[in-house]
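For the record, the sequence lines run as chains A and B. The first sequence maps to residues 17 to 565 in the working numbering. The second sequence maps to residues -6 to 70 in the working numbering.
Note that these hints are calculated values from the structure, not bench results. Just to be clear, a hint being listed does not mean it is correct.
Heads up, incomplete: computed chain A residues facing chain B, CB under 10 Å, no partners named [to be verified]:
1. Ile45
2. Leu48
3. Val180
4. Phe184
5. Leu185
6. Leu191
7. Pro192
8. Val194
9. Leu196
10. Lys199
11. Asp200
12. Trp204
13. Pro338
14. Leu341
15. Gly343
Some, not all, of what chain B presents toward chain A, calculated at C-beta under 10 Å [unchecked claim]:
16. Gly38
17. Leu41
18. Met48
19. Ala52
Idealized CB from N, CA, C, for every residue including glycine.
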Amino acid sequence: MLGIGWALRRFVRSSDDFFLSGRSIPAWIAGLAFISANLGAQEVIGMAASGAKYGIMTSHFYWVGAMPAMVFVGLFMMPFYYGSRARSVPEYLKLRFDEKTRGLNAITFAIMTIFSSGISMYALAKLLELVLGWNFHMSIVLTGVIVLVYIFLGGLRSAIYNEVLQFFLIVLGFLPLVLLGLKDVGGWDGLTAKLATVATNAGFEPGAWSHSWKYMDSPSHNPMGMEWFGLVMGLGFALSFGYWCTDFLVVQRAMAAGSMTAARRTPLIAAVPKMLMPALVILPGMLAIGLHATRGGFLPIGTDGTPNYNMAIPMLLGHYLPSGLLGLGLTALMASFMSGMAGNVTAFNTVWTYDIYQTHIRPGQTDRHYLRVGHAATVFGILASVVAAYAATRFNNILDMLQLVFSFVNGPLFATFLLGMFWRRTTGHGAFWGLLTGTVTAALHYGLTLPIGSVPGIKGGFLGAVLHTYPSEMALNFWTALFAWTGCFVATLVISLFTARTKTDDELRGLVYSLTPRQQDGHMPWYKRPVTLAVAILVVSTFLNVIFW
Amino acid sequence: MNLDVRFPIGGMFTIFGVILTAYGLASDPAIYARSLGINVNLWWGLVLLAFGLVMLGLAYRSYRRSKLSVTDSTSTP
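Only chain A is shown next, with the shape it has when bound in the complex (with noise of 0.2 Å):
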């Protein structure tokens, strides 16, 4: 079953160039890509972890922060992405600001993909361990060969083309093991009835799995020791919209659409099946938390006494679906390892070559050059990663890690793009010191605070002192992003007060809002208009906050 699942992709592959060439992307298929390129094995077994060890309050990084903000990117953002014709977001800073900010965003998002595909790789090792039992370090060796392999072989030439086939590969791959997991524990009262355990074993009241807001009154109150206030700032402001808003592996999937109004729509119509996906991979690990308090053996327990919660798929996988589906469901899960992390590796590689090299290091060199340092970052990027795997391994949530790094990198970039794209007065030195600053305060918050029951290091707190103890290593990312983009936001704020503009008004049309002109919606039916569909989004998620109070 695997392999026909390999062997099928790879037929499928080499068709990909009828499909891209030159040929404009329906907002349909654009939407698919923008969403698959976020729902990775990396989010399948993020949100999954997160879902056993913080209950339904997972769901806020759905209804609370992606909507919002994806109703944001579309309505507001898009037409400066789309607009102002840059291929990347660092050349949209470049454009908007100068060289410097760009290199500078360029670097930190270099970081940011090394940590992404470290993450995929330690999670694909680790499947690998569990399911056919190999070694755990061979298992990190033979990844990476197979990713390099895989990119040198010009894997990701169409990845967009590769990302919708892998949308339905892993929701029709797991939506069966929803099911049977639901069936078992008696539907979503019996789930109920096992999270109460769960919720009264860590010594919360028992509905704490099960509600996503009626216990947010406080952070003692909540297994995600967060409190309403630092959850929408935190999460819903600035994580959720730094990382829709300014994540160019995502905004890149609607700038290949076809036409303004198609890239405008594009985040939208991924906004409503990613308003569904909760129930496909959170609810696994409410499953199968539930279950391990209930009968115990759902989890493995970690070295340092915790349950590894990075497993609750793969050990359900293995739990319920007989050999057949099975195959199914761990080919959706390889084969999106693979691509996550082939993606991250080609970003890493193609923003190391033209953003960084080509501009700051030694320019006007041959295109072999060029090519040579390509697959030179290649290969580093997936030595880098593995070194990113080993630190993987003290996380028993990746998501944990995740919004870390996404914290560090685009909780102050959005405050860049705030500020540039809605205030003409904002200079180059104001975007270049306010992002240095927010990252600074990031590492500073980060190194004085400490998740509670971690030893300082990797987890925080490496400067010494430890200022606050926050109840969970959400929590701390939760903040350090606010803390970010507060920094970065007022940083900037006053710097570009205090410095000369460099761009005149004329070079700044499109790429600021009050310079570019509105976008006129009057000539297509009511229905059809970005803002219908943006309303039709904020008020389902509304409706599904308040079923899951």
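For this one, chain A is given, so just place chain B on it according to the hints.
Coordinates of chain B only, in the frame set by chain A:
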């Protein structure tokens, strides 16, 4: 020439569906103890098959439609 993405998706899931259904019919019922006694291979195989066929059908329909519109536009000067 633009290849509709629904062709390979439909094709892939049709093949998956056929294989899973066949496996579900042929396999020893004992392996379904873990899936709560349900022959999931058979049932999910049928679901995948149906999904695959619908995708192929939609792709074929839009392919025919675009062909028709091409011949239309070439016939009018």
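Hints, verified against the model:
1. The interface hint given for A:Ile45 holds, since its Cβ lies 6 Å from the closest Cβ of chain B, which is under the 10 Å cut-off.
2. Residue-level restraint check for A:Leu48 holds (minimum Cβ-Cβ distance to chain B is 9 Å; threshold 10 Å).
3. A least Cβ separation of about 5 Å between A:Val180 and chain B falls short of the 10 Å threshold, and the interface hint therefore holds.
4. Proximity of A:Phe184 to chain B holds as hinted, the smallest CB-CB distance being about 6 Å (cut-off 10 Å).
5. Residue-level restraint check for A:Leu185 holds (minimum Cβ-Cβ distance to chain B is 8 Å; threshold 10 Å).
6. With its C-beta approaching chain B no nearer than about 8 Å, A:Leu191 sits inside the 10 Å limit, and its interface hint holds.
7. For A:Pro192, the suggested interface contact is upheld, since its CB lies about 5 Å from the closest CB of chain B, less than 10 Å.
8. The interface hint given for A:Val194 is violated, since its Cβ lies 12 Å from the closest Cβ of chain B, which is over the 10 Å cut-off.
9. For A:Leu196, the shortest C-beta to C-beta distance to chain B is roughly 6 Å, which falls under 10 Å, so the interface hint holds.
10. Hint status for A:Lys199: holds, given a least beta-carbon distance of 6 Å to chain B, under 10 Å.
11. The restraint placing A:Asp200 at the interface with chain B holds, with a minimum CB-CB distance near 6 Å, inside the 10 Å limit.
12. Evaluation of the A:Trp204 hint against chain B yields a violated restraint, the C-beta minimum of about 17 Å exceeding 10 Å.
13. The beta carbon of A:Pro338 comes within 4 Å of a beta carbon in chain B, closer than 10 Å, and the hint placing it at the interface holds.
14. Given the 10 Å rule on beta carbons, the hint for A:Leu341 holds: about 5 Å separates it from the nearest Cβ of chain B.
15. For A:Gly343, the suggested interface contact is upheld, since its CB lies about 9 Å from the closest CB of chain B, less than 10 Å.
16. Interface hint at B:Gly38: satisfied, since its Cβ lies 8 Å from the closest Cβ of chain A, which is below the 10 Å cut-off.
17. Here the hint on B:Leu41 is kept, as its CB sits about 6 Å from the closest CB of chain A, short of 10 Å.
18. Residue-level restraint check for B:Met48 holds (minimum Cβ-Cβ distance to chain A is 8 Å; threshold 10 Å).
19. At a threshold of 10 Å, the smallest CB-CB gap from B:Ala52 to chain A is about 12 Å, leaving the interface hint violated.
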